[in-house]
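Protein chains in written order, with the working numbering: chain E, 57 to 382; chain V, 4 to 536; chain L, 79 to 552.
Since the hints were made in silico from the structure, they are not lab data.
Please read these numbers as outputs of a predicted model, since none were measured by experiment.
We treat Cβ as the ideally placed atom computed from N, Cα and C, and that holds for glycine.
A few of these clues could be false.
[Unchecked claim] Quick list of the computed label-pair ranges, beta carbon to beta carbon:
| id | chain 1 | residue 1 | chain 2 | residue 2 | range |
| --- | --- | --- | --- | --- | --- |
| 1 | L | Arg523 | V | Glu7 | 35 to 41 Å |
| 2 | V | Thr248 | E | Asp302 | 55 to 61 Å |
| 3 | L | Glu371 | E | Phe112 | 35 to 41 Å |
| 4 | L | Glu309 | V | Glu28 | 42 to 48 Å |
| 5 | L | Thr527 | V | Glu61 | 55 to 61 Å |
| 6 | L | Lys306 | V | Pro38 | 45 to 51 Å |
| 7 | L | Asp338 | V | Glu61 | 49 to 55 Å |
| 8 | V | Thr248 | E | Pro345 | 39 to 45 Å |
[Unchecked claim] Example chain E residues on the side facing chain V (calculated, C-beta under 10 Å, incomplete):
| id | residue |
| --- | --- |
| 9 | Tyr131 |
| 10 | Gly132 |
| 11 | Met133 |
| 12 | Arg160 |
| 13 | Gly312 |
| 14 | Ala338 |
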Amino acid sequence: MSSQNLTLVQAVRDGLKCELEHDDDVVVFGEDVGKNGGVFRATQGLYDEFGEDRVFDTPLAESGIVGTAIGMAAYGMKPVPEIQFSGFMYPAFDQIVSHAARLRTRSRGRFTVPMTLRAPYGGGIRAPEHHSESKEAIYTHEAGLKVVVPSTPYETKGLLAAAIRDPDPVVFLEPKLIYRAFREDVPEEPYTVELGEANVRREGTDVSVFTWGAMTRPTLEAADNLEGEIDVEVVDLRTLSPMDWDAITDSFKKTGRAVVVHEAPKTGGLGAEIAATIGEEALLYQEAPVKRVTGFDTPFPLYALEDYYMPEAARIEDGIRETVEY
Amino acid sequence: MVREFKLPDVGEGLTEAEIVSWLVEVGDTVSEDQPVAEVETDKAVVEVPAPVNGTVREIRAEEGEMVPVGEVIITFDVEGEPVEPMESDEPAESDDTEDEAGVESAVSAVDDADDEPAESGTATKGGRTFAAPSARRLARELDVDIEAVEGSGPGGRVTEQDVRAHAEHGEEEAETPDEDAEPAVKSATREVTDEPAEHEVTEAAGAGTPSVESADRDRTLAAPATRTLAEEEGVDIDAVPTDETRDGEAFVAPEQVREYAEAQRAAQAADAETVAEAVDEVEGTEADRVERRPYKGIRRTIGDAMERSKYTAPHVTHHEEVVVDDLVATRERLKATAEERGSRLTYTPFVVKAVVEALKEHPILNSQLDEENDEILVNHYYNIGIAVATEAGLMVPVVENADEKGLLAIADEVNELAGKARDRSITREEMQGGTFSITNFGAIGGEYATPIINYPETAILGLGSLEQRPVVEDSGASETPRTSGEAASGEVVAKHTLPLSLSIDHRVIDGADAARFVDTLADYLENPELLLL
Amino acid sequence: MVVGDISTGTEVLVIGAGPGGYVAAIRAAQLGLDTTLVERDAYGGVCLNRGCIPSKALITAADTAHGAAHAEEMGIHADPAVDMKGMQSWKEGVVDQLTGGVEKLCKANGVNLVEGTAEFAGEGRVRVAHGGEGQGSETIEYEHAIVATGSRPIQIPGFEFDGEHVLSSKDALDLDSVPEELVVVGAGYIGMELSTTYAKLGSDVTVVEMLDGALPSYENDVARVVRKRAEALGVEFHFGEGASEWEPHGEGVRVTTETDDGEEAAYTADKVLVAVGRTPVTDTLGLDAIGLEPDEDGFLATDEFGETDVENVYAVGDVAGEPMLAHKASAEGEVVAEHIAGEPVAMDFQAIPAAVFTDPEIGTVGMTEDEADEAGFDPVVGQMPMNASGRALTLAETDGFVRVVADEETGFLLGAQVVAPEASELVAELALAVEMGATLEDVGRTVHTHPTLSEAVMEAVKNAQGHAIHTLNR
């Protein structure tokens, strides 16, 4: 088994390549993904390798991109459309929630939508408006959609493959802050990482910290900083819908304390969902309120204030301490 | 050249002296015979002169230090001779800016660069280390200061073997990093903030009043409100007793917390009272009302033995009064003869002989319990212990093989052993090996008692005082109600009786055995001529 | 990138792909570290592109031309024509082959290559500005950084390099015609190498030096051999004179010099080469962003692992201090890479050899006799003149000698100075001896091939021991 040392975005590309090879029904399209290879190089070289029947550019029209994908998917293809930045998904929102999410129900299972909608998401890259959103909660709220957020190169390729092979629509949000932050060994051949399964990144007994995407890195850093003082368990949820509740409650029952870290704003964020469910499932084990370390309830700030908005290790450490000392 | 100067013999056969003060500093120029230090002998303060013209290079002793004669106290750079570089552990700075050829090496090993300079090392000199790169690397790997290694190569060159040998011979190892500081915060279910007050309270309550039941769990399930309640009430939720469970774990509800807290309070109140009383008592007692004696030595040994015996064997004591007029008469008759033969004849030898005969018929009383192997050892030899009261306490010397000895022999031995016990010359061996013991408290006074068995035996016979006591006589003159088996119908007369108290280990011997043994024993005591048979 | 700045993370960031940088990068990658190498000009740095390699190429060419023209004694009569353009083109070919080789090696070992100028932007961050069209700039986040930015020629006031009249060593190596007359300011190793080369190619060379002799950092007797040879080649030396100014003079230049006493002199030539030393490159790195300051000479101070005052930032090569030699840079590069990877290494080289490619060559390592004495040793010296070497005679090159310095008591070799043909190669054996802590006995007892120049090494060693065969013992 040979492997390559890839960054996260290279793993996206590799995953797409393997799936394009693995299944002729897979097509990749979006703005600048074809000849240009994608603004983040996520589709670099795929156009040359697979031709414009499999990998092609679209007009600047998100609604059309997603609508076309839904149509293709309903007729048996496996489209993997890209929305260039998750902040541009809104023009396609109606297509996503009214049709992609509903078609299976509406047709009583005759038609499904095996579409994987890829979009880079999240802040920290000094970009202008609309380029830093983290709105996964909107999509988890829509039954009929799956929402997946990888955090390491190995998982990215595997989760992407699993998403593409999944018979239902998957919103695949790629944490672009860490697109090139580090490399990892990624096998060359195709493989999948199961959707709906969280991953315990770090075991501990004092407190459970639930997080995903770009926030896994500062969370692990915070946990390392607290080594010797507090024994922190870090769980990377990976799939936000369906959420791996078993993993969450298993961890919580072990520690009795939880912190949720997400860069999305606090109100209505998934931290609330996790806190409520923990209360339902494991109230008796609870020693402290579930702490949410999140972005603030403001529009995502520009450049100069970005670093204050996003949770970083120090803020996460404070949240953990608060929870443990309650 | 470096000139070392050793502390000279300042006279009067002194072996060491104290450096009172230094009169020079490192770097000072000195001339020969110039005083450099003041040194104190036991008579006076003496000045010590410089041996050469030169500059002070190094001062090796401190003011106030006691230095042995002959030890180097100061070194000088002699005037007119080239100055040698100081041996140091710091990396030599390259002072060749333009000369590419003269790079001096940074010699120190990774850690421990500040350890004592290489006194024994041979590899380093003048800024060079004479060791192959592989040897230097090995030194770093093994955390050895290469400067301290003795080289076995030519010229003192250090080889890899030298480095290894040095590492193995317990040179100071690099400090291992300490274990991470103990986590200050405990894990999940415990109250994490320090609430020592509550803990102490509950524990004190628990200890002082066993009537309040406490639990001791690692985790407890409870609603957050219940946990808050527990905190408010000052109780540890893991200590609240409960029978309820949820999800397989102990579960506590608010009422249980309240009940427990109530009980704790009551217990504490009671406790507080007791403590207050005890405090009063103790405070009222002055030193002269209570005498403190040490509990140790022989007293303690006896105490330990008694404790062990009594708390191991279930003791049952069987009492019987034996009429011994005949025994008294027999002894009277024999007393004079015994005296002629140099023996003092008491009743004890008779009892010993009678006991031996009775043991022969009831061997179960001459036994030991081997708890380890679950076996009862029935002894077919007869070592009878005779308890002796001494100043130091009760001792039990043993008459060995009493069945083989005649009455007088036993009498002599008993007297001898008793004497030895009293004057503390008796040996441990003389008190070991018994199979049955007799204790004669009657010599002091008293009728019945509950003697403690002499571990590891299983029975002990206590003798009360032999004296005349009222006995109901049967119409048949010499028969006693016991032997005749008929109910007495006669008058009350005074007869010599000997009260017996036989304690047995009920694990091995039943009451019936004891009764039968005593019956047999009584036969012999009442009719001593049976001993002739 | 279209919008936004996504940082690239890396474990080891090497700034500068010269002999220090590319070696460090390749070693780090070999040890499994995620390594990124940033270079703003050409792989191989000054050494491959403008220094060691091109100069040795030209020296060899000049030697060949000169040698052929002066071999009558051997019965060879020739008058070679020198085509500088052709020579330059050959030289470029050599350089290209080597720099291409460095690039290939880096890629083959998995080093990520980035082209651009790097500047520190804060703790753990470097900003790389990509030159010219393309991607603008990017941010690289590193765990360890190795500064290997090298050095540049010192420019004396009034003599700004213009490549036309006032040449730096780089310019001097790029000339496509041999200047008729050449003034060389500076008689250090670069000045001497280039004077000798151009003298052999036919230039009329005048060397002006502020100090009292040529090659001031070498012992007098060593420098004398080289100077005499240069004089024999027609090089004119003027010591004690410092270049003060120049002015155009016809097509060429007129250089004015001044002595300490104020005496002036003037020399005319086609061009003037200024080779008075090199200074470390630290001013373009944005070092204040990480709070690092070079010392008064411009070097970055480092400890035995190559680490600077700033944690996780290392420096190797010319930028880290003397000696400013390529092989020292490479050796440091390896140590730093291995140290970062956790190996028990340190900079504990016992000696770093040096070579000057004059005629004859000079090769030195370790201590001179005086240095050994100062260091507290009792030195014993052994020497072998090249005119007693059979091989030297067959090469018709008999100037020079081999000298070794050892500790009398222990016999350890402390240093050596070789002035001889192939001195740059001969010194390798002696460097090994010094590094290993070998004794005179060790080297003297090693059988050296006959007939070679290396025998002179053995003889010099035996001379120190007092039992040399082919030369009289002291």
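Does the Cβ-Cβ separation between Lys306(L) and Pro38(V) fall within 45 to 51 Å?
-> violated (59 Å)
At a threshold of 10 Å, is the proposed contact between Gly312(E) and chain V supported by beta-carbon distances?
-> Check passed: Cβ of Gly312(E) comes within 4 Å of chain V, closer than 10 Å.
Against chain V, is Ala338(E) within 10 Å by beta-carbon distance?
-> holds (9 Å)
Cβ-Cβ distance between Glu309(L) and Glu28(V): within 42 to 48 Å?
-> violated (54 Å)
Hint check for Glu7(V) and Arg523(L) - Cβ pair distance inside 35 to 41 Å = holds (38 Å)
Measuring from the C-beta of Gly132(E) to each C-beta in chain V, is the shortest one below 10 Å?
-> Because about 46 Å separates Gly132(E) from the closest Cβ in chain V, which is outside the 10 Å limit, the hint is violated.
Does the Cβ distance between Thr527(L) and Glu61(V) fall inside 55 to 61 Å?
-> violated (50 Å)
Taking the least C-beta to C-beta distance, is Tyr131(E) closer than 10 Å to chain V?
-> Not OK, violated: Tyr131(E) not within 10 Å of chain V, min 49 Å.
Is it true that the C-beta distance of Glu371(L) to Phe112(E) lies inside 35 to 41 Å, as the hint says?
-> Violated, at about 55 Å.
Does Met133(E) pass the interface hint, meaning its C-beta sits closer than 10 Å to a C-beta of chain V?
-> With Cβ-Cβ at 47 Å, over 10 Å, it is violated.
Does the Cβ-Cβ separation between Asp338(L) and Glu61(V) fall within 49 to 55 Å?
-> violated (42 Å)
Starting from the range 55 to 61 Å, see whether the pair Thr248(V) and Asp302(E) falls in it by beta-carbon distance.
-> Violated: the Cβ-Cβ distance is about 22 Å, outside 55 to 61 Å.
Of the numbered hints given earlier, the model fails hints 2, 3, 4, 5, 6, 7, 8, 9, 10, 11 and 12; all others are met.
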